[in-house]
Amino acid sequence: MEQLVHNFFNFEILSQAWPLLLAGFWMTVKLTLVVVPLGLAGGLVVALASTSRRRLVRWLVVIYVDFFRAFPPLVLLMFIAFGLPFLGFDPGAFIAVALSFLLNTSSYYGEIFRAGIESITRGQHEAARSTGLSVPQTMVYVVLPQAVKNVVPDLVSNTLEVIKLTSLASVVALPELLYAARQAQSLTYNATPIIAAGIIYLVCLWPLVRLLSRFEHRQIALH
Amino acid sequence: MQLERLADTFFNLQVMQQYLPKIVEGFFITIQIALAVVLAGIASGLLLALVRAFRIKALNFFIILCVDILRALPPLVLIIGFYFALPAIGIRMSAWVATWLALSLVLMAFAEEIFWAGILAVPKGQWEAARSTGLSFVQTLTDVVMPQAVRLTIPPLTNRTIAITKGTALGAVVAVGEILYQAQTAYSFSYNPSPLVLGAVAYLILFIPVVYFGRWVETRFAWKR
Amino acid sequence: MSGDRPILEVRGLHKSFGHLEVLKGIDLAVRKGELVFVIGPSGSGKSTLLRCCNRLEEPSSGSILVEGVDVMAPGTNINAVRRRIGMVFQSFNLYPHLDALGNVSLALRKVVGQSRAEAELAGQAALERVGLAEKANSFPNELSGGQQQRVAIARALALQPAILLFDEPTSALDPELVGSVLAVMRELRESGMTMVVVSHEMRFARSAADRVIFMDHGLIVEQGTPEKLFNAPDHQRIKDFIASIEH
Ligand SMILES: Nc1ncnc2c1ncn2[C@@H]1O[C@H](COP(=O)(O)OP(=O)(O)OP(=O)(O)O)[C@@H](O)[C@H]1O
Ligand SMILES: [Mg+2]
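Those sequence lines, one after another, are chains A, B and C.
If you're matching positions, the first sequence starts at 52 in my numbering and goes up one per residue.
If you're matching positions, the second sequence starts at 237 in my numbering and goes up one per residue.
If you're matching positions, the third sequence starts at 2 in my numbering and goes up one per residue.
Accuracy of the hints is not assured; some may be wrong.
What the hints assert, rightly or not - Per the computed footprint, the stretches of chain C lying under chain B, defined by three or more beta-carbons under 8 angstroms from a beta-carbon of chain B, are:
| id | region |
| --- | --- |
| 1 | 106 to 112 |
| 2 | 153 to 166 |
What the hints assert, rightly or not - Heads up, simulated DSBU-like pairs for lysine-lysine below, C-alpha to C-alpha not over 35 angstroms straight-line:
| id | chain 1 | residue 1 | chain 2 | residue 2 |
| --- | --- | --- | --- | --- |
| 3 | A | Lys200 | B | Lys293 |
| 4 | B | Lys293 | C | Lys33 |
| 5 | A | Lys215 | B | Lys258 |
| 6 | B | Lys360 | A | Lys200 |
| 7 | B | Lys293 | A | Lys215 |
Hint data in this document are derived by calculation from the structure and do not stem from the laboratory.
Idealized CB from N, CA, C, for every residue including glycine.
Could you build all of it, start to finish, from the sequences and the hints given here?
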């Protein structure tokens, strides 16, 4: 027990590591604030492209989405972080993370938006067109608002995954929460910073998890 | 000329040839971990959902707590916690086990939630009809409710399983010799990104069929809307 | 078994949901071969009464005996008793993942312990009794509402129950499908099956019931032959109720 407290819940170590952890936490927040909107926007583009009348465009979207669904995000990140410099362009860790997340998460968000758009009946399109709205207007004012509303639980769920995924940035030495924790651990020879990082993730993400299980149970119950 | 240099950098045949065996080795380790994760994760998730169906208050509280924690923590934090933090209190495990355990627990949590939602989706009338013919609680669960629940859960479960098994790449962080680790090591030895390309191709060979299987399952078991 | 012992005997049955007392002391005895019809306004406790009989709802107090076995006694194997009490639901509640024969034979295999072959033979016979022998391999979503309800009746019948409880068996059906279900029930009555039926099918009650029970606010207000209750009840609210049903 004493060993447990000393190694995992050591307040002295924690107070030493705190500034580092706090900086890491803010980096994680910053990363989230960049990566999530970027992914949402990319996803929307992907979903709209998938409704294109051109077969070629739809095909490209399918290939794009499947490619990134099959590609582990960490592999993508390393590829971009270590590979791009050979093209004579070193993006730096933050840009590398943002870019790989954009590619990865936009395919997931895209699938969600697409499902939402497909859940809107032909009648809605026809009603809107019959009142003189153009195709883009129909999309923006009639279809998308309903589509997004229908997939809110899936969007929240994916966003939770994206936030958790930001921990991968530690692998390319972006000093976010997990990286800071590992650094603090190697400086103090004590596991407390890692436990603390876990608790920080838990405290921040737990409300989202609760919200989601509320959604999910209702969703399937309505089948 | 540009193109030639590009090919020489990213598709250096000599480097690729040299490290191909390593990548193949990693390929099989990835498959090994992935299968072990799928089996352990889904089986334990199913078990937890079945236990939860008995609605024993204290037990369910505990299940929900564990599931919530596992859904809130990034898998990489779990792997690093298992591998680097647990030894401090005398619990040691290999990197392979740490990766497998972390991913299995995460899949367990998601699978439990999905199965449980499926159980809830089966109408109350099904329970009542079965119990009125004398089937016991357990018989009703196994013979009437679960066959219906599982059908509902297959598409979301397949997608979640694919997403989590891709996490085997996280094992590279604790030096499990799977694809990414082999590729990364080869890259740092050769200082040439060709092994990374090779690794990427290996992942695509492995997961593209899986993604298509997922799509097939999705249409095959499409939800009635 | 003595000839005049009731198949179903309910004594002083009370049932509350929280503070809401839904059954306020029901006494009822159903003899072998009798068809008892239960009518009453919505919320009067008819469904709750039926559901207490096989303990789908847990009674708050009182006792229930089926063929002399106390359903509430701690030593009673409720699943064995439920075999003897068939129940037919308003919404059929057929198992969507099993075909008609699978629906009918599941409990034979799992509760009675018959082999698959035995169970399917008995199941086929039960389907024949409701006129659906040729639908044995159809799934519920391939059957009409009337056919689904007849499969549900066969599911209860296959267990050779001592008594069948019907909770509004025709309320969820389109009018043109009601007849086929009532025909099956009439045939069951003729073959001597003991039945308790909650329903608004007054014409059927007039022609087939031995006894009609009127319930209101958790109590049996009046009971008697169909002629008595429908033509000259002692209570004005029964007249009003019947008028409201038959327009
Ligand atoms: N599980 C329950 N929890 C709380 N209240 C219940 C429950 N089941 C029934 N009730 C209440 O008990 C009362 C009687 O219900 P019951 O279903 O027995 O009536 P009923 O006579 O069958 O009515 P109907 O003709 O509408 O089917 C109603 O007021 C109902 O709201
Ligand atoms: Mg009722």
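Are the Cα positions of B:Lys360 and A:Lys200 separated by 35 angstroms at most? holds, 28 angstroms
Restraint status (C-alpha distance of A:Lys215 to B:Lys258 at most 35 angstroms): holds, 30 angstroms
Within 8 angstroms of chain B's CB atoms, at least three CB atoms from the region 153 to 166 of chain C: coverage verdict: It holds, with 4 qualifying residues against the three required.
How about the region 106 to 112 of chain C: do at least three of its residues have a C-beta closer than 8 angstroms to a C-beta of chain B? Result for this restraint: holds, n = 4.
Would the pair A:Lys200 and B:Lys293 pass a check requiring their Cα atoms to be no farther apart than 35 angstroms? holds, 34 angstroms
Could you grab the alpha-carbon distance between B:Lys293 and C:Lys33 and see if it respects the 35 angstroms cut-off? violated, 43 angstroms
Quick one, are B:Lys293 and A:Lys215 close enough, alpha carbons at most 35 angstroms? holds, 30 angstroms
The structure does not agree with numbered hint 4 stated previously, though it agrees with all others.
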